[in-house]
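There are 2 protein chains.
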Amino acid sequence: MSDIWLNKINWSDDGLVQVVTQEADSNKVLMVAWMNRTALKLTVQTGEAHYWSRSRKKLWHKGEESGHVQKIKEIRLDCDDDVLLLRVEQVGGISCHTGRHNCFFNKLEDGCQWVVVEPVIKNPEEIYSK
Amino acid sequence: MSDIWLNKINWSDDGLVQVVTQEADSNKVLMVAWMNRTALKLTVQTGEAHYWSRSRKKLWHKGEESGHVQKIKEIRLDCDDDVLLLRVEQVGGISCHTGRHNCFFNKLEDGCQWVVVEPVIKNPEEIYSK
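These protein sequence lines are chains A and B, in that order. In this text, residue positions in the first sequence follow the UniProt record's numbering: the first is 1, and each later residue adds one. In this text, residue positions in the second sequence follow the UniProt record's numbering: the first is 1, and each later residue adds one.
Take the hints with a grain of salt, since some may be wrong.
In this list, chains with the same sequence are indistinguishable; a pair is considered to hold if it fits within one copy or across any two.
[To be verified] Subject to a maximum C-alpha distance of 30 Å in a straight line, what follows is the list of computed DSSO-like cross-link-like pairs (lysine-lysine):
# : residue 1 : residue 2
1 : Lys122    : Lys8
2 : Lys41     : Lys107
3 : Lys73     : Lys28
Note that these hints are calculated values from the structure, not bench results.
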């Protein structure tokens, strides 16, 4: 398969592109992460989200430990060609490493305080204890 | 008003935080941008999205030229405290500078080609010709 489509992307100086991941059926925003070329190619080839972990400096098949893989429904690219939007099925209904549905669980209330508004669905110690 | 809530945010070395903006009623992802502290404070104080334009190096009241302001419905912060999610009412139904509803109008088809799938609602020359 030709890689020409990868060249449309405006990769950062360190070869990354930002990714917003959204649950396809609920349209909830799950998380924001990064991909390099290999991660994006693997994502397309396997149909499951692969990211580049900047902290661990390695490829990361989302769900490789937890089983909470993300099945790709659609991939979009923005007007500046520098942000991808993944629309996925979130297996297990948990995308956050805290055991919550999504990573955006802190809500600003009264313009001055952060309140946790999403429940922990599964204890992270159970998720990652395999 | 105390600014303690701003200190929870994991600001980048250049004082910015990434922002994903989502339309509250449709849950569609509109755009991704950046804020500094002033932009976020103005957003909360005025109830309309303000960003930091990295290309123009200035504060940017979204819609200041086009009239397509974004009225804040909710502000969320992610698990790493380094990405904000704005849920907004998009006035005029256009958030992209190309005159489209949102910025994610390129769709990957057949795993190898980008296809524009969102229509131009209003010609950008009309939007910005005031």
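Taking the hints in turn, this is what the structure says about them:
1. Lys122 to Lys8: Close across copies (25 Å), not inside one copy (39 Å); limit 30 Å.
2. Lys41 to Lys107: So Lys41 and Lys107 pass the 30 Å test across copies only (15 Å; inside, 34 Å).
3. Lys73 to Lys28: both (14 Å within a copy, 15 Å between copies)
Violated hints are absent here; each numbered hint is respected by the structure.
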